[in-house]
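Participant: As you go down the protein sequences, you meet chains A and B in turn. The first sequence begins at 1 in our numbering and counts up by one. The second sequence begins at 1 in our numbering and counts up by one.
Because identical chains share one entry, a pair is satisfied inside a single copy or across any pair of copies.
Straight-line C-alpha distance at most 20 Å; calculated EDC-like pairs for lysine to aspartate or glutamate:
#1 LYS186 - ASP154
#2 LYS186 - GLU236
#3 LYS186 - ASP145
#4 LYS186 - GLU146
#5 LYS74 - ASP64
#6 LYS186 - ASP212
#7 LYS186 - GLU155
None of these hints come from the bench; they were simulated from the model.
2 protein chains.
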Amino acid sequence: MHPMSAEQSQPVAGGLGRRSTPAQTPAQVRQAARSGRFNGHTSGLADRHVQGNLVVLPAEHAADFLRFCQRNPKPCPLLAVGEPGQPGLPGLGADIDIRTDVPRYRVWRHGELVDEPGDISALWQSDFVSFVLGCSFSFEQALLDEGMRLRHIDEGRNVAMFRTSTAAAAAGPFAGPLVVTMRPLKAADAIRAVQITSRYPAVHGAPVHIGDPALIGIADLSRPDYGDAVVVHADELPVFWACGVTPQAALVQARLPLAITHAPGCMLVTDLLNHQLASF
Amino acid sequence: MHPMSAEQSQPVAGGLGRRSTPAQTPAQVRQAARSGRFNGHTSGLADRHVQGNLVVLPAEHAADFLRFCQRNPKPCPLLAVGEPGQPGLPGLGADIDIRTDVPRYRVWRHGELVDEPGDISALWQSDFVSFVLGCSFSFEQALLDEGMRLRHIDEGRNVAMFRTSTAAAAAGPFAGPLVVTMRPLKAADAIRAVQITSRYPAVHGAPVHIGDPALIGIADLSRPDYGDAVVVHADELPVFWACGVTPQAALVQARLPLAITHAPGCMLVTDLLNHQLASF
Chain A
1 MHPMSAEQSQ PVAGGLGRRS TPAQTPAQVR QAARSGRFNG HTSGLADRHV QGNLVVLPAE
61 HAADFLRFCQ RNPKPCPLLA VGEPGQPGLP GLGADIDIRT DVPRYRVWRH GELVDEPGDI
121 SALWQSDFVS FVLGCSFSFE QALLDEGMRL RHIDEGRNVA MFRTSTAAAA AGPFAGPLVV
181 TMRPLKAADA IRAVQITSRY PAVHGAPVHI GDPALIGIAD LSRPDYGDAV VVHADELPVF
241 WACGVTPQAA LVQARLPLAI THAPGCMLVT DLLNHQLASF
Chain B
1 MHPMSAEQSQ PVAGGLGRRS TPAQTPAQVR QAARSGRFNG HTSGLADRHV QGNLVVLPAE
61 HAADFLRFCQ RNPKPCPLLA VGEPGQPGLP GLGADIDIRT DVPRYRVWRH GELVDEPGDI
121 SALWQSDFVS FVLGCSFSFE QALLDEGMRL RHIDEGRNVA MFRTSTAAAA AGPFAGPLVV
181 TMRPLKAADA IRAVQITSRY PAVHGAPVHI GDPALIGIAD LSRPDYGDAV VVHADELPVF
241 WACGVTPQAA LVQARLPLAI THAPGCMLVT DLLNHQLASF
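Please model the complete structure; the sequences and the hints are all you need to start from.
Facilitator: Printed below as a string of structure tokens:
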């Protein structure tokens, strides 16, 4: 299970058992994170609501990062950008304080991971800009809602992620490979998944590849670069979606003196409904 | 080239060279068929307009055939059903006379092909009911309009069609295999093709299968059951759509005393615009 504070007075069911998770409001999840009671994975929490990847950067790099996102909309779908120095993101939830409301953060100095705190108030700078990017939890929920099975969820694993041979479009210091998630699906489900995820461009949208992993530079599906491997059966196709780890990889490569992200799986839970993101 | 009448006073460019075909109105194509000047393939003619598969049956079988179509909407998307005995289909074109306006017909007796006339006026019965079903030309045009290449069109061939191991849902005497068309596409185009064809449920809609042909009972892609083989390259996926030959196969299997269809590729050209069929 996920790391939880010892003083867990009001339990928040964390983790990957998405089907059996009790309903939570986004504000309850954020409050639990804010109070330090919860620093675990948010998969399955407030599952009708949009969760987001977080990137926090000094303002001097904001324009480059925005251009990076604009040039790579599938891996980097921007849901919100904060005002410089402001910890609020009122478009995603009136009470959000981005310094405290993510269950766990990662602090990067010169491209090196140096800490995983549950709160970044002490690190906050008056020039910090917050970026929240869409996350595959939203489209996975749309697939689950259609009765589809996703193996990594059934098996309680993180989704398998791979660095591809496709380069993301660079902007300023931000460059790196397109990172993808992979979900094995039977052909009919793969077709249905293209239809469903096409409706959600703000959370990575349609797949970027189906079939032979070698064509996008993936040598071995059993050895993901991030997350956990899952088996692909003979009657299944591996289906690949652009992944929000792409900007994190670019951030590491940029070697900025200071940057902050969420910790993997520990997302910002917003008040937006997944359904609000549907483009048709 | 396609069979053309010797007295071809007003040429109608037939055949498969879809990109270079001059614009024609649907009424011009029908008039050319009606007058006997044209009995060729309609691929690429009036290419913004919907073309249809034709089935003509005695009224006593109409209800069973309607149920067959209702139960198999992907291979049998009904665009129009005529009134018993009436050769008009005003919903598809004010002037349509279904006895003359298809360039070439096939006459089936007890499941055997007995004739391929250019006119069925002499065979028409007061109890005949006409069924017009959507055809893949409409979604192929949508794919071409997006800049996609389709190999069978580039090579001037008919699309490859295969009988699958999937049974169509039976109704009355109508039963048989699901027949599919196959187009080889690179993964990114396959994903885009799912998106585009999903918008056109009235002309077969999204693919029914992608990838391993053996999973749907196809032993050898180089040996189609109908149409012409095309090569599938190593960096391509075979993509399979439900096909309007499915009802023809069911019709043959039903061994009705008399039934009439269009001849392959010689479709009814309607006044409907392809774009009018888009569901979103």
